[in-house]
Amino acid sequence: MLKEKTGIGPGLLFCLVFSSVFGFGVMNAPYIAAKYGGPNGYWGVILAFFLALPVMLITVKMGKKFPNKSIIEYLPLIFGRFIGKTLGFILLILVLITAVWGTRTITDLFSEFFLPRTPVWAVTLMIIITVGFVAHKGVEGITRVAAFIFPVALVFIFMAVTMSFQGFNIERVQPVFLIDGLKIPYNTIQMFYCFFPLATVFMIYPYLTEKQKGLKTVAGAAFLAIIPIFIMVFSAIGIYGDKGVLRYGWPMLQMTTQAKLPYIFQSFGLFFAVTWYSQIALSLAGLYYTSAQGFSELIGASNYKWLLLVLLPVSYVLVLLVPGLIELRNIFNYLRIIGFGIIFTWPLITWLISLIIKTGELKHAS
Amino acid sequence: MHLKKWLIAILVLSMILPGCWDIEELSSRSMPNVLFLDKGNSEKVKFGAVFFVPGSLLPPVVGTTQQFEKRNFVISVEGKDLTDGWNNLRAVTTSSVFFGQLRAIVISDEFARMNIDNFLDFVGRFPRMPLNIPVLVTKSDPEKLMDIKNKLNIIPGNYISLQLESPYAKPQAIPGSLWEVFAAVDNKTFDPFMPLIEEYKENYRIAGMAVFSGSRMVGTISVEETETAALIKEIPNSLLTVKLADNQGLASFRDISSSTKVTPKLDNNGILTLRIQMNVKGGVSELIPRKQTITLQDKQRLESEAAASIKKRIGKLMSNLQSQGSDPLGFGEKFKSVYPQVWKTVNWHQTYQSAKIDIDTRFTIDQTGMFR
Amino acid sequence: MFFDKFFKSSKKVRPNEKVRSTALRRKNLSADMNKNTVQIKRSIGNPADLVIRNINDEDKPMMVLMYLHSLVDINQLGSQVIEPVNGYINTSKHGINPGILQRLLKSSEIMEYNDIHSAAEGLLNGQTLIVLPDSEKITAVSIPGFVKRPIEDSVTEKVIRGSREGFTETAADNLSLIRRWIKDPNLRVESKIIGERTKTNVYTLYLNDVANPDVVKELRKRLEQIKIDGIVDSGYISELITDSRVTFFPLVQDTERPDKVAAAILEGRVAILVDKSPFALIVPATSNEFYQTPEDFSFNYWIGTFLRLIRFIGTATSIYLPALYLAVVTVNPELMPPYLVQLIASGRSHMPFPLVIELGITLLIFEIFREASVRLPGNINVILGIGGGIVMGQGAIQAGMVGGVTVIVVVFTALASFSTANPSKEQAWRLARYFLLFAAGAFGLLGLASAGLIILAHMGSLKSFGVSYLEPFAPPLTVDSVDAFGRLPWWASFRRPPTYRPQQEDRLGTTEGEDEA
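Protein chains in written order, with the working numbering: chain A, 784 to 1149; chain B, 12 to 383; chain C, 7 to 523.
Simulated from the structure, these hints should not be mistaken for lab results.
Remember, predicted model here, so these are calculated numbers, not experimental data.
Hints may be right or wrong, so weigh each one.
[Claimed, not checked] Straight-line alpha carbon distances no greater than 25 Å define the calculated BS3-like cross-link-like pairs of lysine-lysine that follow:
no., chain 1, residue 1, chain 2, residue 2
1, A, Lys-1088, C, Lys-469
2, C, Lys-47, C, Lys-143
3, B, Lys-199, A, Lys-1026
4, B, Lys-244, A, Lys-1026
5, A, Lys-818, B, Lys-355
6, C, Lys-143, C, Lys-33
[As the list claims (entries may be wrong)] These stretches of chain C come out as covered by chain B in the derived footprint (C-beta under 8 Å, 3 or more residues):
no., region
7, 65-73
8, 412-423
9, 444-458
For every residue, glycine included, the Cβ atom is placed at its ideal position computed from N, Cα and C.
Using the sequences and the hints given, assemble the complete structure.
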């Protein structure tokens, strides 16, 4: 019991995956869904989950084939050293850019909404240091914080979700089964961005102690996270209409600011924002940890903590490099497509090639 | 160990060093209670706000007269546009204007008849503007209206907010929150609507509803028509007075609730028929002349007459709205949900104005009060 | 340069480095009684309370008694040693040797020493040394007579319903209290002497078939590694065996209550009793343990659950309330209901100080009151509480120096902080509160959330003897975490909490269901 070893149980992984998927996905979900899906945009959320299931399944299968190896470690075994490391490097760059994008989005949101006079660099500094501190604790620390916050966050999230139905109009989400060209498939691909934090699972899967529960844990957590996202997209479109959602920079926040608990709080939205902040901070901590750990494995460094201290200032600079919100939104347009291409297709190709060339352990590792 | 020390030092410093740009004492924020807009005399826009007198909103203390002093005051400025007006307002107030605790927005009907898109754009971009506040229209001067000291000595924003929150006021003042106005203007599936407010014996009174077509106000409907609109929108707690046929007197009903089904139907020629089926129920509140007992025959007669009265009212309301080209009741949404592809090709306002209305109403008496 | 000094390791000797006492060396006894006596006397510096009593048979020296009169019960000495010896001398013509002495002495605890060092240690421990002529051994008799406090109610952990016994400064008495709770032959009591100069007795107690052997082993190892001048309180040991020295959160639980210690031992934890300290230590300790009291188990599970929830809510309120108040009033007032905002804004008009200063000063004043009240005599405490607290507070509000709401927040925070059942944890949260306050003051609700997250991350990384500090919440142990927030009824608590990885999870005995007669 007292021996120092890193291991996380299924419960911890569940909480981290939930926080990551929810925190990251809920940011722009109603906007993306309404923009690309119209009044049926909520379908994109459900179908994106089904699109993410193969990714989770492959992560688990690869975890069985290459026990105790993260994706950075088994890519060279499949593709050869040079190509494998290059692919690993590109994946890590995507993870880092995703984390930087997420950091900048939450910075802009809080800067605009809560702290209008505080300079962006100060808000970014605070967020990066908070997230960095959590990431510095390693996978055990991040998952424990996620597990501790999970029950409270879940209650607040579902409360916010339920209360934000005020003003809902069923006609705005009808007709439910409208097929309008390729809107739904394209919307699904766009909504897949919610599952970008699954990249964290690629890295931390080797630490899972009860691997036989791997798929149930990851899929269950992702499903639980998608439920409030789906409900929020559904209610956003039902309240504001698909064109109405597009007006808002952060429709989630606007929706929850409407939620009123009479005589208790003017707007519940701010408590939701704090809950959401905790989730997105955990999601970002997971992504920063992933990139630090990944880079340390890539270059053969022993300790991810030093690399994290190098990556954080780099991320800080990258976050501040984006001039403003409009550029950030433009970047997101490309990031969603590139991210889908990498997070969805690469594991699939990796698994297929590993089957063909028969690498990795064939039996279930003990 | 060194690493930990560095981390802790950075952590502590990061909490303190960046400073407190956003700290501002509550008492030194100017918190408008109501924002009002009007067409300016010399400039384009008149921008004003109601503030409460600092220190006046404390609970009353026996023996003092503070609770009887007027608690609100108004500042209004003019500007070329809304931002200019806001800027001029900031120049007049002693501290920063903070809209986070705004309770209502009042616009004059002159202002509303101009395009309200600019106003919506300006107001909506404020980060902490509450979105669930009511927007009201007044035919009188909003500055004078907001400057009165009402009998209850409640500051205007609180008064309006209390009034509109009451479930019994909702049928007369169908709440048109700011976010609903945004949704209407963006989706174009229905038109915005706003309660009409006026002064009445040094208090505020709801005087009907201002209706819009797109982002311009096109007219008003009376209180009775607003109540009918509330029935279509299934807002409960209405009252209804029916003049009985053959001069048989009056029957009044209370706690009226309705369930409405609107079915749009396009025929082959592209003519739209809107079928409105409404089931209303309510309790008897007054019968003139008084009846000892309401028999089954009485009930049936009262119900059929009430249903007919409601049908007539709906007809009158619809013809008024159609003539003004305003769809505040959301028929466009129903049409879009049934004919999503046709929606893209038609001009809804034109289709709506030429639509036929087919009304079917039923009334059920469910309660008779404390008497039979 | 200033930062260099701060961040470079100090080259000074650290507490764990060996500091050997130079006082005593091991030297064998001789057969010369006088020489032995003189050597022992010299080795402890001839203290003023040392009594050397010669017992002679006419002119023939029979024995020398050496004792410290501040540590020995003189009456018992007379009846257990001097009387029987004198009786023997009067009746027998033979000399006394250690074997005869053993039979003569009435005391139940008799030891023999072969060297000066051990004999001197025994003397300093309150034993009476009997030095015999022509003997290279010294017999020692334990007849403690030092002043000790009687068993009283615990001062820091009062309960409405439950045992009224608290630990005292005598480890032997404390041990007896525990033994009266646990009569299991599997209860192991290991003794250790820690402190070069104080030679403090430290007892380690655990159930051999329940406690995790890794924890026991690790504890032994850490106690072994302690090399310190003296142990004055169990707090010293607590700090020296703790897993992390950077944190202000207590990783070793301390308690004055024997029922708490007994319950902990039954759960599979290890208790440490330290002589001269009324606070026993318990390891491993998770954050959750600091919110549990024996009262939860004395009342039925509904009340127990309610009390625990109250404690959690009280603690959370005391930590977050000042920071939340500061954040919503100064940075994010849009959160509050409009009537509350208007009321607070009206009440705070023309205040001389910004809220962050006002709150800081008021909290500081309250902390000073609290510190002062610990040392005030009881009767003055009440008057000063009324005069200082109520009158001063009212005066400050009426003078317009502080707002009424600020005083309410501060007083409620201070009172709520005592709902944390453990003083060490309460002190830790006292510090955390200020961190949250500054963060909220700088960045409002975002700062508060960030600071909370940092504290949580810090707590999540802590371990106490291999057990995660946030267990059973993180890692989540479902049944245990339900039991943490509430109290499971006894008919449902047939297992020990798996948090401490006990060897046996099932408690012995069966419990009837609550519906059965």
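Results for each hint:
no. : hint                    : in the structure
1   : A:Lys-1088 to C:Lys-469 : holds, 19 Å
2   : C:Lys-47 to C:Lys-143   : holds, 16 Å
3   : B:Lys-199 to A:Lys-1026 : holds, 9 Å
4   : B:Lys-244 to A:Lys-1026 : holds, 22 Å
5   : A:Lys-818 to B:Lys-355  : holds, 16 Å
6   : C:Lys-143 to C:Lys-33   : holds, 12 Å
7   : 65-73                   : violated (count 0)
8   : 412-423                 : violated (count 0)
9   : 444-458                 : holds (count 8)
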